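Engineer: One letter stands for each residue in the lines below.
There are 2 protein chains.
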Amino acid sequence: MENFTFWSPTEFVFGRGTELRTGELAARFGAHKIMIVSGGGSAERSGLLARIRKTLQDAGLEYVDFAGVRPNPVASKVYEGIGIARAEKADFLLAVGGGSVIDTAKAIALGAPADTDFWKFYNGEASPQKAMPVGVVLTIPAAGSEGSGNSVITNEKTLQKISVRYPMLLRPKFAVMNPELTMTLLANQTAYGIVDMLCHIYERYFSNTAGTEIVDGYSEAIMRDIMDQATTLHFQPDNYEARAEVMWGGMLAHNGLCGVGKVEDWSSHRLEHEISAIYDVPHGAGLAVIVPAWLKFCARHNPDKIWKFAINVMSVDPSGHDTDEIIAEGISRLEDFYHDLGLTTSLRELIGQEPDIETMVCSLERNMGPTLGNYVTLSMDDCREIYRMAL
Amino acid sequence: MENFTFWSPTEFVFGRGTELRTGELAARFGAHKIMIVSGGGSAERSGLLARIRKTLQDAGLEYVDFAGVRPNPVASKVYEGIGIARAEKADFLLAVGGGSVIDTAKAIALGAPADTDFWKFYNGEASPQKAMPVGVVLTIPAAGSEGSGNSVITNEKTLQKISVRYPMLLRPKFAVMNPELTMTLLANQTAYGIVDMLCHIYERYFSNTAGTEIVDGYSEAIMRDIMDQATTLHFQPDNYEARAEVMWGGMLAHNGLCGVGKVEDWSSHRLEHEISAIYDVPHGAGLAVIVPAWLKFCARHNPDKIWKFAINVMSVDPSGHDTDEIIAEGISRLEDFYHDLGLTTSLRELIGQEPDIETMVCSLERNMGPTLGNYVTLSMDDCREIYRMAL
Numbered sequence: 001m002e003n004f005t006f007w008s009p010t011e012f013v014f015g016r017g018t019e020l021r022t023g024e025l026a027a028r029f030g031a032h033k034i035m036i037v038s039g040g041g042s043a044e045r046s047g048l049l050a051r052i053r054k055t056l057q058d059a060g061l062e063y064v065d066f067a068g069v070r071p072n073p074v075a076s077k078v079y080e081g082i083g084i085a086r087a088e089k090a091d092f093l094l095a096v097g098g099g100s101v102i103d104t105a106k107a108i109a110l111g112a113p114a115d116t117d118f119w120k121f122y123n124g125e126a127s128p129q130k131a132m133p134v135g136v137v138l139t140i141p142a143a144g145s146e147g148s149g150n151s152v153i154t155n156e157k158t159l160q161k162i163s164v165r166y167p168m169l170l171r172p173k174f175a176v177m178n179p180e181l182t183m184t185l186l187a188n189q190t191a192y193g194i195v196d197m198l199c200h201i202y203e204r205y206f207s208n209t210a211g212t213e214i215v216d217g218y219s220e221a222i223m224r225d226i227m228d229q230a231t232t233l234h235f236q237p238d239n240y241e242a243r244a245e246v247m248w249g250g251m252l253a254h255n256g257l258c259g260v261g262k263v264e265d266w267s268s269h270r271l272e273h274e275i276s277a278i279y280d281v282p283h284g285a286g287l288a289v290i291v292p293a294w295l296k297f298c299a300r301h302n303p304d305k306i307w308k309f310a311i312n313v314m315s316v317d318p319s320g321h322d323t324d325e326i327i328a329e330g331i332s333r334l335e336d337f338y339h340d341l342g343l344t345t346s347l348r349e350l351i352g353q354e355p356d357i358e359t360m361v362c363s364l365e366r367n368m369g370p371t372l373g374n375y376v377t378l379s380m381d382d383c384r385e386i387y388r389m390a391l
Numbered sequence: 001m002e003n004f005t006f007w008s009p010t011e012f013v014f015g016r017g018t019e020l021r022t023g024e025l026a027a028r029f030g031a032h033k034i035m036i037v038s039g040g041g042s043a044e045r046s047g048l049l050a051r052i053r054k055t056l057q058d059a060g061l062e063y064v065d066f067a068g069v070r071p072n073p074v075a076s077k078v079y080e081g082i083g084i085a086r087a088e089k090a091d092f093l094l095a096v097g098g099g100s101v102i103d104t105a106k107a108i109a110l111g112a113p114a115d116t117d118f119w120k121f122y123n124g125e126a127s128p129q130k131a132m133p134v135g136v137v138l139t140i141p142a143a144g145s146e147g148s149g150n151s152v153i154t155n156e157k158t159l160q161k162i163s164v165r166y167p168m169l170l171r172p173k174f175a176v177m178n179p180e181l182t183m184t185l186l187a188n189q190t191a192y193g194i195v196d197m198l199c200h201i202y203e204r205y206f207s208n209t210a211g212t213e214i215v216d217g218y219s220e221a222i223m224r225d226i227m228d229q230a231t232t233l234h235f236q237p238d239n240y241e242a243r244a245e246v247m248w249g250g251m252l253a254h255n256g257l258c259g260v261g262k263v264e265d266w267s268s269h270r271l272e273h274e275i276s277a278i279y280d281v282p283h284g285a286g287l288a289v290i291v292p293a294w295l296k297f298c299a300r301h302n303p304d305k306i307w308k309f310a311i312n313v314m315s316v317d318p319s320g321h322d323t324d325e326i327i328a329e330g331i332s333r334l335e336d337f338y339h340d341l342g343l344t345t346s347l348r349e350l351i352g353q354e355p356d357i358e359t360m361v362c363s364l365e366r367n368m369g370p371t372l373g374n375y376v377t378l379s380m381d382d383c384r385e386i387y388r389m390a391l
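Those sequence lines, one after another, are chains A and B. Residues 1 to 391, numbered by my numbering, are exactly what the first sequence covers, in order. Residues 1 to 391, numbered by my numbering, are exactly what the second sequence covers, in order.
Please keep in mind that the hints were generated in silico from the structure rather than gathered at the bench.
In this list, chains with the same sequence are indistinguishable; a pair is considered to hold if it fits within one copy or across any two.
Result set (DSS-like, lysine-lysine): computed pairs, CA atoms no more than 30 Å apart in a straight line:
| id | residue 1 | residue 2 |
| --- | --- | --- |
| 1 | K130 | K33 |
| 2 | K173 | K130 |
| 3 | K33 | K173 |
| 4 | K33 | K54 |
Everything numeric in this text was worked out from a predicted model, so none of it was measured.
Looking at chain A on its own, in the form it has when it is part of the complex (with noise of 0.2 Å):
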């Protein structure tokens, strides 16, 4: 195991009706006046903003909206947003959404106080000192951004989508996860937040760290949970107890519990943002796509801990069958486990045309130099055949 530290001071408030304490949570945290960050319409039409902005008011808050945040979220939003949150002179943000949501608050949040450009603060030229406060009240388990330090941002000028971690100034103060507001996401947003939850820990699960076995042990078990409760919500959507668990995995997931003392990877990732920075499709969707090419790229050169994962995790019984038959049937029962939530592993019928790949390796070399990862150390070249892999 490696040294590290795990600091994840969010409060996570869960459960029926959490929304309703927003306000009170919110005055906890010091804020006066409050910039609420949403996204296409969705919370405003089911109610939701209505009833937040009432706990607003009842604990004696201001607040501005600030709507209109899409997946996969841009740098005008960001830049529009900072301009607001100074001109009202907002000192908290409160994400009510997903994960574009909540990472274009925690990029307002790097930006407003900041002299600085914020783009600086994402593609490495500058570092934050400060950030505003950010709370959340999530409707989509996916990004994990909840109770994560991270935030992607996609700059639609220069077509890099790039993603940070600043967990000293980034975590949210408090996350309210009321599984009730998930009920009415469609079949195709619960499953591409399952296949984005489920990404976060296989990033930290391949490793070559050594003597790591309670945070693998732990690591599967919430794995197999989400599956198991994705296939649940297939079926029966409204089934509240498969939405809480899916919701509290997707934070465990991704606010570094299933990384600690690991040397992560995030291959997958870096290598799934460039297709939805150029197709503009979703990143779960995307990421079913590189993530079964990527194992099978990796299988050949360093098989030992995708082999663990298909007893572990996929439940292939190893009696009788060699490393590479094991593996092969994991990465296939994963590929069903992508189909049966109704998606493609193909990245032609992904982007509905033939994908540009050599585009897609120009752009990953600039964003993330001649290499990527370390599970298995892809050079470019390994990458165009991951991308070939996934065609």
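Here the structure of chain A is known, so what remains is to put chain B in place on it, guided by the hints.
Structural biologist: What follows is chain B alone, placed relative to chain A:
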């Protein structure tokens, strides 16, 4: 799953050499004058305290020593510490030790800034409004106090051993966790710690709350791993990786993660507290006696979760066996595990005399009222029966 709030804001700084960061951490959390709370002298003899004092000096911090905390920490020591903390105008408590030292520091943290007798915060006569900040350098993984908002103190005048939970006040600001510091623990100290941390998970695992598969799953994984590592440590006490896994497992067992969304049942701890308060035996040794008896009693009335425990944690193969056989085998394996660690599961053998069960039950009723727990609600007659089954 029940509604819950989970808030674990402690910064865990884990790994080799991390005690050298103590001064930096204490300074970051606002310390100026630190009271270093420690135990019977091993941290002095090993040079650990000298290393820590140097890091405090290097960080420009003042300190005063307060040593001599004993296992099953007592109220008189807390009063002494409160006096010194006030006289020295300490503004930060640094606990260097295991649960007894940390819990004493927490009691001082409640008592020193209050006008109220600290014991009233334990016996329920008063509620604390504030607490001094506490930091930890952990040397004995067991109590999980490094990540919890709990503290257990014995009032030696009234023979009451009372546990309190004030998460908003008592969660440590940081916990330095260097597994190397636990290498020199005696085999029985290691064993007591392992029994204790496992029991912190049992008390949350054995619950009637439905829809907790994800929590049960990772709890089972953590229990299995702690048991595996315990066996390794029995033969290789200086195995760093096993020490590391046990140390991390002990924190996870009690920071609340394994109890989220569940109605907990702390009967085993309550039943044991009477043994260690009256006969001054190690808490872990008492738990090894109580838990199997408690499981056998509960299995008569509510077998389901014990059956699951037997299969998923004690690895009993259920095929061809009925529920009673599976449970009996599971409990038998748990007893064997304790025996393999060198512990007895007999109350008589533990205390070296015939126990005064009536006094224990009488004290239990005074501390806890007429019933105990809820996985199976125990009357005082039931508790008497469990003590007899543990003989």
